[in-house]
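Asks: Residues per chain, in single letters:
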Amino acid sequence: MRFGLTALVLTAAFGAGILAVLGASPLEAYRLIVIGAVGRPERVAFVLAAWAPILLCAAGLLFTFAAGLWNIGIEGQVIFGAVFATGALRALEHTGPPWITVLLAGLAAILGGGVWGLLAGALRAYGNVNEIFGGLGLNFIAGSLTVYLVLGPWARPGIASTSGTLPFPQTVWLPTLTIPPVAAPTEILLGVAAMGVAAAALRGTYFGLHLLAIGKSLRAAHLRGIPTTREVLRAFAACGGLAGLAGFVLVTGAYSRHQLFPLISGGNGFLAILVVLLAGYSAGAGILISGVFAAISMGSLQLPLAMQLDSSMGGVIQSALVLLIILLRGVQARVVHREGVSRSPL
Amino acid sequence: MILAAAVVAASPPIIFAVLGETIAEKSGVINLSLDGLLLLTAMAGFAAARAADSLLVGMATAMAVGALVGLVVAVASLALRQNQVATGFVLMLLCQNLAYVLGTPVAHVPGPQVPHSPIPLLQQVPIVGPVLFRQDALVYLSFAAAAAVWWYVFKTRPGLMLRGAGEQPAAAVARGVDVVRLRYLYAMAGGALVGLGGAAFSLAVKPGWSRPYGIEGTGWIALAIVIFGNWDPLRAVAGAYLFVLLQTLATVLQSLMPHVPTQVFPTLPFPLMILALLLVTLGNSEWTHRVLRRLPAAARRRVLRALRALEASPPAALGVPLEPRE
Amino acid sequence: MRVELRGIDKSFGPVHANDGIGLVAEAGTVHGILGENGAGKSTLMKILSGFLAPDRGEIVLDGTRVEIPSPAGAIRLGIGMLHQDPLDFPPLSVLDNFLLGSPGGLILDRRRARDALAALAAQFEFALPPDARCDDLTVGERQQLEILRLLWLGARVLILDEPTTAISAPQRSKLFAALRTMAAQGKTVFFVSHKLEEVQALCSAVTVLWHGRVAGQVSMPCETVRLVQLMFGQDLPRSHRRGIALGPPVLEAAHLTVNDARLTLEDVSLEVRAGEVIGLAGLEGNGQRLFLLACGGLTRVAGGRIRIAGRDLTGRSYRQFLAAGVAYVPAGRLGEGLIPGLTLAEHVAIAAGGPAVFVDWRAATRSAAERVGAFHIRGTPHTAVEDLSGGNQQRALLALLPDALAVLLMEHPTRGLDLESAEEIWRRLLARRTQGTAIVFASSDLDELLERSDRIVVFSGGRTAAPVDTSRATIEQLGELIGGKGM
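Residue numbers (our numbering), protein chains in the order written: chain C, 1 to 346; chain P, 1001 to 1326; chain E, 2001 to 2487.
Just to be clear, a hint being listed does not mean it is correct.
What the hints assert, rightly or not - Coverage of chain E stretches by chain P, computed from C-beta distances (three or more under 8 Å per stretch; other residues unrestricted): (1) 2090–2097; (2) 2188–2199.
Unchecked claim - If we take Cβ atoms under 10 Å as the criterion, some of the chain P residues that face chain E in the derived model are: (3) Thr1156; (4) Gly1159; (5) Gly1164; (6) Gln1168; (7) Ala1172; (8) Ala1174; (9) Arg1175; (10) Gly1176; (11) Val1177; (12) Arg1181.
Because the hints were derived from the structure by calculation, they are not lab data.
A virtual CB, placed ideally from N, CA and C, is assigned to each residue, including glycine.
Could you build all of it, start to finish, from the sequences and the hints given here?
Replies: Given below as C-alpha cells:
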C-alpha cells in the first residue's frame, strides 16, 4: 500500500508526541499494546474475536462505498442486528436444539440490520435526505431503542441495569476452534468469508458492477440503463445485513459479553469505515488492516491499568494513520499534477 | 420561566458551534469533525484554563485548537483536493480519541468556572430580565456572537462576499473575490468559534472533564442544525435553542414519567433531528413531486408553498472545489 | 471608448479557437460579432473581458495598449461582459447582486445602492424590484440587472453574449432600446449573436468570424445573403447519397412541450420513418438537446405525445424506452455516455445485462475484443475509457449500442473528431439505416447536416421550422433559418 511505511512512521512519531505530552514513555506504551494484543494465547483469541465484527462491517461497506455512498448509519445497523438476534434468542432459548436457535438468531440479525439499512437508503432515495444525517439519526434511534429494551421489557429480573440483559447460557454461544494454544472464536471465519464474498461479488456479479458504475457516475450509469435507485437500496440492505451479522456476533460470540447492552456496536462500524478508506476494494488488504486495527484496539486495553493512559490511544493511532495516508495521497496527487477531485473516497 | 432561564444558560456551546459551522459552510467548507472537535476543544479549554488558572487562556486555547483543525480540513480539501467527508470523518474520530487520551490527567478534577454574573439593572426587568440577564458571561457573549455574525454576514461587504462565494464561486471570482483564500479564512474562523463552544461546555455549562464527557453526539446535531437553519445564522441560533429546549424538556418529562427508564429521555432529541431534516429536504425530492401531482391544484400550491418556506438549500458550492483560470 | 483587437491568437490544445483576429469597434456604436458555433466568438469575448488570456495579440483601448489580467481587472478598465448564462447569485436579493463586487467600505451602503439602482433602471425603463430574490426573476430581468451593475461600476464597453436566447419579445425590445441609448451615450457595445435579423436591426458594423478567423468586417446595412455567405462559407458540392426505401414511422413526436430551467420547447412535432436520417440544426441551447432527451424518455414532457414504432410511450420510464429500441448517445462522451473509471469490457458487460447474477467476464472480454476490432478502436478491452481519445470514445459508444434499434438519437456525433474518424462513424451509422433504424442527430456543423441528413429541422428559441428536404436545401436558406428568420 502506497505511503504505508511513511504513514506508519509519521503516525508512530505523532503518537510518541502525544504520549510525551502526557509524560508517558512511547516505547513502553507501544510495547504494552503489542503484548496486549499477542502476548498470551487468550489475548490472541480476544483479538480474533474483535476482528470478526470489523470484518463483517467492512465487507458490508464495500457495497455502499462502491456506489459512492457514506453509510454512517452502519452503527445503527449493527445495533439492530444485535437487537433482533437478542429477540430471537430470548424467544427460542428453550425450544429446539441450540444450533437452530443460533442459526435463526443469525438470520434475524441479518434481517434486522438489513431493514435498518434499507430505511437509511429509502430516506435518501425517496426523501432526498443525505445518507450521512439519515444514518446518524437512525443510529440515535437505534441507541435509544436499545436503552429502552435493556432497561424495560428485556431488563434483567430484579436489577434493571444498563450493564445489559440477562446473559445468554453457553449453549447458544458461538463455538470456538482450538488451534493450540489458541481457542479461536469461529466467527472470525465468518468475517473472513464475508470479506471474500463481498469483494468477489463486487468483481463478479452484475450487482457489484452496477454499484461500481453508480459510484463513478450516477448520470452515466442511469443512461446505460442501470436501475440506479433499486441498486442503491440493495447496497444499503446488503451492508445493513452484514452489519446486522456483526451485531449477532457481538452478542453470541464466545468471548463477547453474551448480552445486549447499550453501545453494543462499540464503534466497530466507524472503525470499519476507516479500514475500507485504507484498504479500498481489496479483500486481502481489508482483512489485514482489520486485523491490525483489532490488535491495536485490544492491545490498548492494557494501557489504563498499566500506565494510566486512556485506551483511546489505540483509536488515536488508527485515525491518525488513516488521516496521514489521506493527506499523503493528496500531496502525491498535487506533485504529480494528476486529476484532483476524488468523488468516491476510494 | 425557570425553564427558559435554564435553556438560555445551557445554550452558549451550541450557539457558538452552529455559528462557527454556518460561516464555514457558507464559504463552501464542511467540517464533519464537529462531534470530535467539540470534545477536543472542551478538554483543551478546561485543561489550559486549569493549568494557567485563567478562563481567558482556556478559551483562547480552545479557539486555537478549533482553528487548527479547521485549517487541516481546509488544507485537505482545497490544497490537497481530498474528499471533505472522508477527511472530516477521520478527523472526527481522531479528535474524539485525542480528547479522551489527553484528557485523562484532568478528568474528574475541579477547575476554573465562568462565574455567574447577573447584570445589575437589566435583571430586574419583568419576565425577560431573570431569563436573559441573570446568567454568566458566556451567555452574554453568545448573544453578542449571534448578533455579530448576523451583522457581519448581512450588513458588511466581506459578509456579502462570503455569501456570494458560497453560492456561486465562479461569479464571485469574476467579481474579484479570492474564493480560495476566503475558504481558508472562514474554515479557521468557524473552527475557532466551534472551539469557543467547546470551552463553553467545560468552563460553564458542563464544568470539568470526564470520559465519556456526556456531549457525544452534540456535534452531529450542530451540523444538522446548520442545515435545518438553511445556513442562516439566526435560524441556526433558533435551532440551537430548540434543541436545548428539547433536552431540557427531556429532564422535565423524566419527572413526569417516572416509570420510563431515565436513560431513554436524553436520547430522544436526537431522533427528532431526522424528522426535522426530512421535513426540510422533502420539498426537493422527486418522489414528493410525483405524490403531489395527484393532489388538486389548490392544495398542491399550498403544500408547495409550505415546503418552500421550510426548504433548506445548501450553499451551492458546498464541498465543491474551485477550478483555476486557464 | 474605441476598442481595437490586433492579431488575437488562442489555442486549446489542438483546437485553434482564435487565429489572428483583428477588429475595430468605434466608440458610441453597437458592433455585431456574428458566427456559427465554434467560430470563436465566445473565446474572443472571454479574452476581451478578462476570463481568458490570449496566447498572442494586443488589445488597444482608446489608443492605449492594455493588459487584462482578470474579469475584475477588465471592469476596472471599463469592460464588462454579460454572459449567456447569468453569472449572478440566485438566492441573493437583486440589491445584493447589484452590490456584490463593488468597491466601498466595511459597511454596506444599501441606501446609496438602492438609489443608484432605481436611477439607472429608470434611465432604461427596466423594472427591477430590489428586494426580490434573484432567481425569482426571469432571465431577461437578470440580464437587465447585470447590465445596470456593469454600468454602475463604470463600464464603457459592454459585451453581450447571445443575449436574446432566453428572453421574451417585450424584454428584447427593451434591451435593444437600452443598447441604443448606451451607444448614444458614447459607450461601445459588442453584440455577439447568430441571429441575422437582430444584428441587422441593431448594429452599425459587424465582424463575421468563421472557423477562428475573421471572415469579413462589414458596415450596415448589409444584405442577408452576404452575411450568410461570410458566416457559413461557400456552398459545398454534395455527394450523391443513395436513397433507400423508407419504412413505417418509428418515431412520432406530436406537439411536444418540454420545460427546462432556461428554455421551453414548444409544440414540436416530427415524424421519422424507419431508415430516415433527420438532422437537428440550430445553435446549441435552442432546444435540440431537450427534444432528444424527450424522445429518449429521459425527461418529462409537459405536453404532447411520443410514439415509438406505433406504441405510445409518453410518460413511461427510461427503461421502457430502452426496451422499445430507443438509444440516446449524449454529447458528453465521458461522464454521460461512458462511465469514467470503467473499462470497455465492463461497459460491454453492463450492456449485456441479463437476468444472470454472475458476470461472464470471458464472454464480455471476448465480445469487447470483437467490437474493438470491428470498430477500429485504438485500445483493448481492458483500457479504461477515459484513456481513449475522443474519436475512440465515440467509436466505443457506437460499439456499445444494441444491434437492432428502432431509433438512434445522437448529440454531436463527430464533434472534435478528425475527418477520417468522422467519415468512419458515419459509415457505420448509415449502415444501420438498412436495418430499419431511424437516426435523429443534432449537430452544429452545417456541412455534416447537409451531407448526411434526409431532412433537416432547424431549432430556434425552443421552436422549430418545418423540416427542410436536404436535396433541395441551400446554405443560405438554412443559414437564415438558423439565424432566426421566419420562425
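Asks: Confirm or reject each hint.
Replies: Results for each hint:
1. Three residues within the 8 Å Cβ limit are the bar, and the region 2090–2097 of chain E against chain P gives 4, so the coverage statement holds.
2. A count of 0 residues in the region 2188–2199 of chain E with a Cβ less than 8 Å from any Cβ of chain P is obtained; the coverage claim is therefore unmet, three being the minimum.
3. For the restraint placing threonine 1156/P at the interface with chain E, the shortest Cβ-Cβ distance is roughly 5 Å, inside the 10 Å limit, so the hint holds.
4. Evaluation of the glycine 1159/P hint against chain E yields a held restraint, the C-beta minimum of about 8 Å falling below 10 Å.
5. With a cut of 10 Å, the hint placing glycine 1164/P at the interface with chain E holds, because the nearest CB-to-CB distance is about 5 Å.
6. The restraint placing glutamine 1168/P at the interface with chain E holds, with a minimum CB-CB distance near 5 Å, inside the 10 Å limit.
7. At a threshold of 10 Å, the smallest CB-CB gap from alanine 1172/P to chain E is about 8 Å, leaving the interface hint in force.
8. Taken as an interface hint, alanine 1174/P checks out: its beta carbon lies about 4 Å from the nearest beta carbon of chain E, inside 10 Å.
9. Evaluation of the arginine 1175/P hint against chain E yields a held restraint, the C-beta minimum of about 3 Å falling below 10 Å.
10. The beta carbon of glycine 1176/P is positioned within 10 Å of a beta carbon in chain E (closest approach about 3 Å), and the interface hint is therefore held.
11. Evaluation of the valine 1177/P hint against chain E yields a held restraint, the C-beta minimum of about 7 Å falling below 10 Å.
12. Taking 10 Å as the C-beta contact cut-off toward chain E, the hint placing arginine 1181/P at the interface is violated, the least distance being around 14 Å.
The structure fails hints 2, 12 (numbered hints given earlier, in ascending order).
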